[in-house]
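Q: For reference, the chains in residue letters:
2 protein chains.
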Amino acid sequence: MTISMYQASIPVSIRSLTNLIGILEKGAKYAETKKIDASVLVNSRLYPDMFPLSRQVQIASDIAKRGAAELAGVEAPKFEDNETTLSELIDRIQKTISYLNTFKPEQIDGSEERTITLQMRDRTLSFQGMPFLLYFVLPNVYFHVATAYDILRHCGVEVGKQDFLGSP
Amino acid sequence: MTISMYQASIPVSIRSLTNLIGILEKGAKYAETKKIDASVLVNSRLYPDMFPLSRQVQIASDIAKRGAAELAGVEAPKFEDNETTLSELIDRIQKTISYLNTFKPEQIDGSEERTITLQMRDRTLSFQGMPFLLYFVLPNVYFHVATAYDILRHCGVEVGKQDFLGSP
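Chain order of the listed sequences is A and B.
Counting with our numbering, you get residues 36 to 203 for the letters of the first sequence.
Counting with our numbering, you get residues 36 to 203 for the letters of the second sequence.
A few of these clues could be false.
Note that identical chains are pooled: a pair holds if it fits in a single copy or bridges any two copies.
Said to hold, decoys possible - Straight-line Cα separation of at most 30 Å, DSSO-like style, residue types lysine-lysine; simulated pairs:
#, residue 1, residue 2
1, K69, K113
2, K70, K196
3, K69, K139
4, K139, K70
5, K64, K130
Simulated from the structure, these hints should not be mistaken for lab results.
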């Protein structure tokens, strides 16, 4: 027995995005309780030239859906990046999870050596499927979900690591 | 072809910890250039009741070495948690990477269904090897490395996502 590409990708991304929804919901509740305009949280960042919460969430969504699509050799849906509230960001993540849930193991399994080419702003990245998943997709998703968490934590939202890890 | 437990664990943790060293080195350089007492960075946090940078690094180290040891059914070395400078934190991560490098694939492969029990402060967690790796060890390592990154980013250190992802 080993780990299939499907097992290591789709349920793992879904779990992290599901936890992100819980974190954003805690943010929304906090804003409500403290009577903070929730857009303050949506636009918060840890440093002036860093992406705000909204963009962290959008990128986590983009990497997860694009990652799955590339492994399956299909085109990912494009989302508008027009969310301005926490509840719109939560909807965005829910839509992403619904999309991930459409993948069947047989679409992803066997993609270990598939050549994946990403056109970035300034360069082209080329990967085989397994390193693409282990060294690009998953750390990228975790990076943006953890940073969304850290932004809200920094704003005083009472989240703890268990919210990031989720329950089995 | 699928992913082996070794492939999904040891080189993945080593990659993330190697990137953490690069991030800490940028922090040390920044402190030197700006004439900031480096202990300010070591003790920085994003919120008063959150762990500072030093503890984030120590926990990333602990989870990575304990994760590998549990999968292999051996006991992980205990480190002192007495680092007070960036260069001591870098040494700690280097020691952790050296330890991870001692594992051979045959020690980790086949651990997908090994029962792993963790005694936490307030409860006992029990996992099978594969979910332990995918849903506990890796997100935990990424969480603490990303948070260490976010703390330094918040302090003005010029790190970018590429420092977190590293190069293939």
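Q: Would you mind marking each hint as holding or not holding in the structure?
A: Cross-check of the supplied hints:
{"no.": "1", "hint": "K69 to K113", "verdict": "neither (35 Å within a copy, 43 Å between copies)"}
{"no.": "2", "hint": "K70 to K196", "verdict": "within (25 Å within a copy, 33 Å between copies)"}
{"no.": "3", "hint": "K69 to K139", "verdict": "neither (43 Å within a copy, 52 Å between copies)"}
{"no.": "4", "hint": "K139 to K70", "verdict": "neither (43 Å within a copy, 55 Å between copies)"}
{"no.": "5", "hint": "K64 to K130", "verdict": "within (21 Å within a copy, 42 Å between copies)"}
When held up to the earlier numbered hints, the structure conflicts with 1, 3, 4 and fits the remainder.
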